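If you count by mature numbering (1 follows the signal peptide of the UniProt record, and there is no 0), then the sequence shown holds residues -27 to -1, 1 to 59, one letter each, in order.
Note that these hints are calculated values from the structure, not bench results. Hints should not be assumed to be uniformly reliable.
[To be verified] Cβ pair distances, simulated, as ranges:
#1 V57 - V28: 35 to 41 Å
#2 V55 - E33: 41 to 47 Å
#3 A(-8) - Y47: 34 to 40 Å
#4 L(-10) - S17: 28 to 34 Å
#5 V1 - V55: 32 to 38 Å
#6 L54 - F(-7): 16 to 22 Å
#7 L(-3) - T23: 19 to 25 Å
#8 Y47 - W(-11): 20 to 26 Å
#9 R58 - E24: 28 to 34 Å
Treat the numbers as computed from the prediction; the structure is a model and nothing was measured. Beta carbons are placed, not taken as given, at the ideal position from N, Cα and C, and that holds for glycine.
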Amino acid sequence: RSWGCRTRSRSRFFRSWLLAFPSFLLGVQQEALCSKLTSRVMDSKWGGRTESIAVTLNTEQAAFTRDALSKALYGRLFDFLVQVRL
């Protein structure tokens, strides 16, 4: 299944038009959202040095990341609505 957001490995995960509205609602750039959904930063420490490595996610990992973000947003929205109602 092809999604459309290109990463360095030329993998395609999310179609750009699918990210347009969510990025607008979240107030972030579309490319930043795409980057967060398709990659992660891994910090490694060796000796006294720390190095950050960007790791590209595969399709399954990107889908899990998307689902986790959706669940977190839903949870925060639900908590907000319950708090406002009280």
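Now for the hints, and whether the structure bears them out:
One distance hint, 35 to 41 Å for the beta-carbon pair V57 and V28, holds here, with the actual separation near 39 Å. Our hint of 41 to 47 Å for V55 and E33 is violated, since their Cβ atoms are close to 33 Å apart. Between A(-8) and Y47 the C-beta distance comes to about 20 Å, which lies outside the given range of 34 to 40 Å. Evaluation of the 28 to 34 Å hint for L(-10) and S17 yields a pass: the beta carbon distance comes to about 33 Å.
Distance hint check for V1 and V55: the Cβ-Cβ separation is about 26 Å, which falls outside the suggested range of 32 to 38 Å. Under the hint 16 to 22 Å, the C-beta atoms of L54 and F(-7), about 21 Å apart, fit the expected range. With their beta carbons about 35 Å apart, L(-3) and T23 fall outside the hinted range of 19 to 25 Å. Between Y47 and W(-11) the CB atoms are about 22 Å apart, so this pair conforms to the stated range of 20 to 26 Å.
Between R58 and E24 the beta carbon distance is about 47 Å. The supplied range of 28 to 34 Å is therefore violated.
In this structure, the earlier hints numbered 2, 3, 5, 7 and 9 are contradicted, and the remaining ones agree with it.
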